[in-house]
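Given chain A, put chains B and C in place with the hints provided.
Note that the protein sequences, when read in sequence, are chains A, B and C.
If you use the working numbering, the first sequence corresponds to residues 1 to 449, in order.
If you use the working numbering, the second sequence corresponds to residues 450 to 568, in order.
If you use the working numbering, the third sequence corresponds to residues 569 to 1106, in order.
Be a bit skeptical, because a hint or two may be false.
As the list claims (entries may be wrong) - Subject to a maximum C-alpha distance of 25 Å in a straight line, what follows is the list of computed PhoX-like cross-link-like pairs (lysine-lysine):
| no. | chain 1 | residue 1 | chain 2 | residue 2 |
| --- | --- | --- | --- | --- |
| 1 | A | K360 | A | K340 |
| 2 | A | K83 | B | K536 |
| 3 | B | K486 | A | K87 |
| 4 | A | K97 | A | K87 |
It is worth saying that the hints were derived from the structure and are not from the lab.
As the structure is a computational prediction, the values presented were derived from the model and not from experiment.
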Amino acid sequence: MTDQGMLQHLLAAPGTEPTLASFNTEIWWMVLLKAGMVFAFLLLTTIFMIWFERRVIGRMQNRPGPNRAGPFGLLQPVADALKLPLKEDIIPRSADKLIFVIAPVISATMAFIGFSVIPWGPEVSIFHHQTPLQLADLPVAVLVILAMSSIGVYGLVLAGWASGSPYSLLGALRSAAQVISYEIAMGLAFVAVFLYAGSLSTSAIVAAQNNGWFFWELPVSFVIYLFTMVGETNRLPFDLPEGEGELVAGYHTEYSSMKFAMFYLAEYINMTTVAALATTLFLGGWRAPWPISLWSGANTGWWPLLWFLIKVFILLFGYVWLRGTLPRVRYDQLMALGWKVLIPVSIVWILFIAVIRAWKLNFNSTAIYAVAGLVFVLLIIMVMAWDEAAQQRAARNAPTEASPQPAVAGPGQPAAPAFPVPPLDLPHYHGTGVEPGNSATPAREVTGA
Amino acid sequence: MRLYLPIFILALLGFGFASFSVFMGTRLGPKRWNRAKLESYESGIEPTPHPPGGGRIPVKYYVTAMLFIVFDIEIIFLYPWAVTFNKLGAFGLVEMVTFVITVLVAYAYVWRRGGLEWD
Amino acid sequence: MTGTAAPAALAAHATLAASAPGAISAPPIEYSQLGPMLVVFGAAIVGVLVEAFAPRPARRGTQLALSLGGLAAAFVWTVVIAASRQVFANGSPGHTAIGGAVGVDRPTLFIQGTIVVLAFISVLLIGDTRFSPFVAQAAAPPGATAEQEGLAAGAMHTEIFPLTLFAVGGMMLFPAANDLLTMFVALEVLSLPLYLLCGLARRRRLLSHEAAMKYFLLGAFSSAFFLFGIAMLYGFSGSVSLAAIASTAASNTSNSTLLFAGIALTGLGLLFKIGAVPFHSWKPDVYQGAPTPVTALMASCTVVSAFGALLRVFYVAFGNLTWDWRPALWVIAVLTMVVGAVIAITQTDVKRLLAYSSIAHAGFVLTGVLAVSTAGLSSALFYLVAYGFTTVGAFAVITLVRDPGGEADHLSRWAGLGRRSPVVAGIFAFFLLAFAGIPLTSGFTGKFAVFQAAIASGETALVIVGVLSSAIAAFFYVRVIVLMFFSDPVPDGPEVVLPNVFSGTAVGVGAAVTLLLGIAPQPVLSLASHAANQLFVG
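With the rest of the complex left out, here is chain A (with noise of 0.2 Å):
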């Protein structure tokens, strides 16, 4: 695919950084061919992604994983891609049909459309033409990937909706209101970028970070996009629209075949852009990492597209750790999380990166002396805020701790634990619940959570 003699011409003439300008003069079938090239990276990763989630989490179990289908069990999701269809296409009787045949058909478009805008590397050349390694770029390419990330959030819901089914409906909401509250701590998280690259456009982004990625000089943005990246994708521990343990499945419920495998391939592929979405605005996107970004050849030709699925597929694996390793939360600490830490903690992250970017700027105005002691203060009373949760939530959780008595509540004597749990020597628990006040365990069971 390579050209030879252009790689040489390339690696003798570095810093092909592309622009706007190169995306408006775009041949036509070049276009199509990097279409159908995106096209078929998300379809690869996402079944690469089944068979590799499910063999991870395997040996993190301490089991071996599907292994049967082709070497390694590397045949697994195909043989899974190709059951779905062979399977049963049921509609409920009590199902709005337009409605929900369309649902996961939104998800699914939405899902593909929000990787256009990732860059995968700097100016190639693709059968003797100069282009760059990215299907399009806009002035506003992040707000792409926003959009299509609250448009995707229509099919969850109208599919919830549609199910005519209870559960189905409980996990779209959810699902509706968890993907909002996150979105407004990622939207938040995207402004520092902004700050410091000037531009909306990813390519631009991507060459902003020339001189050190924005992971070191904005961690705390970073960070928060690591929680809402996982929220907005309705992954474990943040999977709540689809608990199974409260909801069956969610918002999907109600759906198979190949309905239900364009959810899957919808939530897979989100995993993929956001992933992607971390790497361009925080992780450098295609540019080497250190030691090998002394090697002049790095971040020229084909190479960066390496670099850059690496770093996706480092975070992917990330996703796949956490499912492996932490329990889902409750819906209220979701919900807390968001609201409570996220927003506010981005909000005067945002401030504080404006004042210093000020400072370094040199704007000549005693405003910024003002400016910069209102977020000191705004600092110190996020502190003390913190402060004072933790305090309040220690003197929550010390009654329970400090007496080990077990969660009944005998007549006078209120129950101690903070969330609501029957007395366990209910009738209809035939016995197995604990005899009052005979050990402590079930208290430490019940609080802990």
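Just chains B and C now, with coordinates in the frame of chain A:
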């Protein structure tokens, strides 16, 4: 519009693939009619009858939706500000801080009044 | 407070931004000239913080002090600006702050001052918790146990105070806005809190909810029309600034469809707010359903503010197109006066009666607007002051006449009130006479001033209609007076509570100003004509 063309092409590819798959799912799979199978799934019990008018949804979700709009609009103001930060200078910094503080006041109110609690 | 140094320093900070390459020139922000509005908005924001952090028992007192203090400071600041030699140097008509977004000129300052004083009195009424007209728990459905518990605990939504301040801030910005976008924002800032406040009545809550819902829906429609109008005018002139629209209208005569559609739609949005016929249908329902102090606020401050905005838009932006909009506005003024006066005759509810009376009065002020002259402007300003104080006083009296279940709104309950408590009935009769425009009251001076200005501009026919509808209106005002004094008291009639400091001040100030402007109107008249001397700044 030229810049958007590749996005449309990818959208068409994705849409075509998704609709084709969904269509094939209806063709390839078997069809065995069963009354219980077509009921909505509720762990084996008789499905809950649909409440008239779609039923009521907890007001929590509406509060969340309204808060989302407030903060989303804040973000919408923050993006162009962030992009033109260098050009706006100290003026932009002061104005944006004023704006963010007013939003934070509303946020503090909502928090203290329990608008962010879920149970 | 005016601080000559502060704006200079701030202007310097704005220009310094030009250091970066390709810098966007930031508009100067004249904080000192915007002070009155900033004080009110600032007090509102502090009020929200008080709601968030102050313990419940401390809230009411703190909020009341904050609101009254903020409004008083805003008034003082307004006076200081009006007296400032810097803003009005060398006979300048004023200054446009924030790069032309907000006009600081004498008519605006006059209107803002009026709004602040009227709002001060309304806040006194709102703060009178002896018979609180506000619901204990707005979120509880009517009749629910939560409502009973709230009533028993004496709970109160002290958010009412910040909401009022936000509304007042919006009202102050509305007539000052020198471009249509700022005006739209001000319109929303003043409207949204009012929609909420309307639904907070303690008694007859469903009626109150209905009022809030109607007001919200119709208000949203009218805002949408206003916004459409802005879009049309922007399409016509390529700018939302009033002055730019005026200059384009003067030079460009080709695209008049867009211009006329724009005038009609923006005019519609503004006329809705003042409640001119045929955009008046919300007024009776809302005035009746809303808690009476909120009705007082709407009937006085909102009307003043909306007229200020109407005057500014029609005098500044469409000042060269008088021949185009005058006939339409003429018809509306006639309709407003006649319909308001005639329908008022059939009313049996005091608050609805005052609502229709307010519609009729809007028609009288429109007569002044139609004069399109400095005399017209100054007479309209004077009329607004006179009417605002009278109406606040009248609504304050309504809060005093009480049945066991709340205010005695039905007119039949007022029968014979004059025999049982002659003072309150006498004061109310005095207010009604002022509404009717009887000499020795402010209403007479106001009507005289607007009619005089209209005749001077050759609108004699309009004045004849005005005088006739005044006569019709006088009929139903006198009917109420007759009912109060010359009919037998109803058995177990409403109790008239003694006014306390809050409602007493409201009634007293209303009556005093009504009397003063009737006997010795000259100082305020000359202040109004001084204010209107140079029209609005463009």
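_Hints numbered earlier in the text: which of these fail when held up against the supplied structure?_
Hints 1, 2 are the ones this structure does not satisfy, whereas the remaining hints hold.
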